[in-house]
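**Q** Using the sequences and the hints, build the whole thing.
The listed protein sequences derive, respectively, from chains G and E. If you want the numbering used here, it's the 1-based position in the first sequence plus 436. If you want the numbering used here, it's the 1-based position in the second sequence plus 43.
If you are wondering where the hints come from, they were derived from the structure by calculation, not from laboratory data. Glycine included, C-beta positions come from ideal geometry on N, C-alpha and C. One or more hints might be untrue.
[Claimed, not checked] In silico contact screen, one side only, chain G against chain E (beta carbon under 8 Å); selected entries:
hint, residue
1, VAL441
2, LEU448
3, GLY564
4, VAL577
5, PRO586
6, ARG611
7, ILE658
8, TYR659
9, SER660
10, GLY700
11, PRO707
[As the list claims (entries may be wrong)] Label pairs and their in silico Cβ distance ranges:
hint, chain 1, residue 1, chain 2, residue 2, range
12, E, ILE120, G, GLY554, 23 to 29 Å
13, E, ASP421, G, GLN504, 23 to 29 Å
14, G, LEU543, E, PRO415, 54 to 60 Å
[To be verified] If you want the ones that stay clear, here's a sample from chain E, every Cβ over 10 Å from chain G, calculated:
hint, residue
15, GLY87
16, LYS90
17, GLU118
18, ILE120
19, LYS166
20, LYS187
21, THR205
22, LYS209
23, GLN330
24, GLU333
25, TYR342
26, GLU416
Given next are the chains, with one letter for each unit.
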Amino acid sequence: MPISVILAQALLGLNVGVFYAMLSLGLAVIFGLLNIINFAHGAMYMLGAFVALIGYSYLEQWFGISAQIGFWGSLIVAPLVVGALGVLIERTMLKRLYDLDHIYGLLLTFGITLILQGLFSNYFNVAGTPYPATPDVLNGVMNLGFMYFPTYRIFAIVFSLVVCFVTWYVIEHTRLGSRLRAGVENPQLTQAFGINVPVMITLTFGFGAALAGLAGVLAAPIYSVSPLMGADLIIVVFAVVVIGGMGSIMGAILSGLALGLIEGLTKVIYPPAASTVIFFLMVLVLLFRPAGLFGKEK
Amino acid sequence: MVKQWMKGLAGVAGVIGLSCSLNATAGGLSNDTVKIGVLSDMSGVYKALEGPGARLAAKMAIDDFGGTMMGKKIELISADHQNKADIGASIAREWIDSKNVDMIVGLDNSAVGLAVQGLASDKKTITMATGPATAALTEAQCSKYGIHYVYDTHALPVGTATAIVKNGGKKWFFITADYTFGHALQDSTSAVVKNLGGEVVGSVNAPLGTTDFSSYLLQAQASGADVVGLANAGQDTVNSIKQANQFRIVQSGQKLAGMLVFITDVKSMGLDIAKGLQFTTAFVWNQSDEAKKWSQRYYDQQGAMPTMVQAGVYSAVLHYLEAVKAAGTDNSDTVRKQLGEMTLNDFFVKDGKIVANGLMMHDMYLVKVKTPEESKSDWDLLEVVSRIPADQAYIPVSESACPLLK
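**A** Here you go:
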């Protein structure tokens, strides 16, 4: 097996891995702080891609606004829109479920997912609409020596890695982050110190949703924009979070990247197993380290 | 006297028969109408090659026929099968059972095509499959009322694979749409390749509607094959060829072979990416003056030139209506018999024959995508390399595995 083949598939695996990492990061943040298993995370990802598509192609037709939001604009607008929707969902619905079992949050967010998917399937085709506005500067191809790789994919990998590590840094190494972590550890005591925990929780949920929306924008030029794009991904991302450890920030990032790589390399060794290798690993982790590779046993 | 009495009795029997059964054995039109259903992928990966364009083509055929049959209205309905066999079958069931549809045309997905043809056949309803490729429609799963009209998985590789192997493309690797169509196309292409002394070094299955072909393409690249055969269609083909370009597959020395390519795919890829690609088709819009004239009318309403499937829908519907008229009834048995006796001639087909297993035998063409310099207009994309006579393109009826012929 030539080394260039392995490197090529590894790079593609990393490309998938950054999306796993960004999504599982959002899920882990939300689970860590809110104890909510957010099934709607995939729908938020899909929504991010659609905000980018609608912003570019449908503003005039649907809203009578003669403007276009390009790719760079979407990187800012889409997370804001999706994050705002996240805040709305948390304030109006999720908030009421905090005292109940996890399963209620999961069912509610699953329902939200079905509604959003159904809504978009009504207006857009399920097979996917190509995103038309990839900037010219990213449209080229780079010669990496061992293979040619589309410039856009390199950009997506680097950009996502930066976002992941900035998020990790903010949560683990800043004052804001330490308050967040304190809120997770002991909400009553943190509140007693004069920190507004409910507002923090709302913003955290919004931030998690915004991360998913951002991942959606980044995914749009590679994969087509489709109402089911999140549903295809969310199950894998849940497996990633389970492997990394529920609530562990670094665990989510590292296991996302690692599992993308493993999936890519499986395609070299035994292609038919590529779609199941992650779940196989999940079973192993659950058997031997039930709290996940980076999680703490409670 | 007795004769007259008998005549009267026959007439009464006819009326009773007509009112009791949709497919009455007596003459005339069931339910006082001829109803044609276009069942196609209206929103997914195959939308561009059949879809709404097929509905337009069927409407044009009905209008050109005059819009009425024996003084009664000809109706057209359409639906989206979403590339799902169960959805396609349940729409077909509803159409036949409660909407009195006489003929179903389209079915651009082999899984849907097989399901609907089987169901319609049980209910004695004619299907004219213009979209699906699998040769099983007229071979192992042939039916008395099923007609396969435009192309099949046997005809496609005959021209394309032969030309490529003869040009030195001996080692093949396949990227295959993972359902009945893709596998059938891969099998028949492999057979052609091996027959000519070539070999198949590997294959990988990609689900229908895959958007990211990169890892499959890299597997193909790593296989060391001369030729990457694409046993897929529609948006899948467009995505794989576009991404092959992004990963510089062709520039690194491999050749791409689209086993089923439509003119709309070429348009969507652009000539820069598609130039030089060879494939087999039943129809090119500018192959004759007659074809150009019809295609221009289609273009004026659809904004795109017709694919072989869309042109085939027009031809199939028009010949069906002519058969109903000649037979004086829409009874499926009579019309099917009539269709078998006709020689089909229009801008789409020359001297076509519908044989006993339902296959419409006609010539095919090996075409090549023009370079941007050769192309003289927006849709001037293809150049005919050679004509493949019907008896070479299709499985001769004498060798057919169709159980009906046994």
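**Q** Now tell me, hint by hint, if it's right for this structure.
**A** Structure-based check of each hint:
no.	hint	result
1	VAL441	holds, 4 Å
2	LEU448	holds, 5 Å
3	GLY564	holds, 6 Å
4	VAL577	holds, 6 Å
5	PRO586	holds, 5 Å
6	ARG611	violated, 41 Å
7	ILE658	holds, 6 Å
8	TYR659	holds, 4 Å
9	SER660	holds, 5 Å
10	GLY700	holds, 7 Å
11	PRO707	holds, 6 Å
12	ILE120(E) with GLY554(G): 23 to 29 Å	holds, 25 Å
13	ASP421(E) with GLN504(G): 23 to 29 Å	holds, 25 Å
14	LEU543(G) with PRO415(E): 54 to 60 Å	holds, 56 Å
15	GLY87	violated, 4 Å
16	LYS90	violated, 7 Å
17	GLU118	holds, 27 Å
18	ILE120	holds, 21 Å
19	LYS166	holds, 29 Å
20	LYS187	holds, 34 Å
21	THR205	holds, 29 Å
22	LYS209	holds, 30 Å
23	GLN330	holds, 30 Å
24	GLU333	holds, 34 Å
25	TYR342	holds, 23 Å
26	GLU416	holds, 23 Å
Violated hints, in rising order: 6, 15, 16; the structure is consistent with all others.
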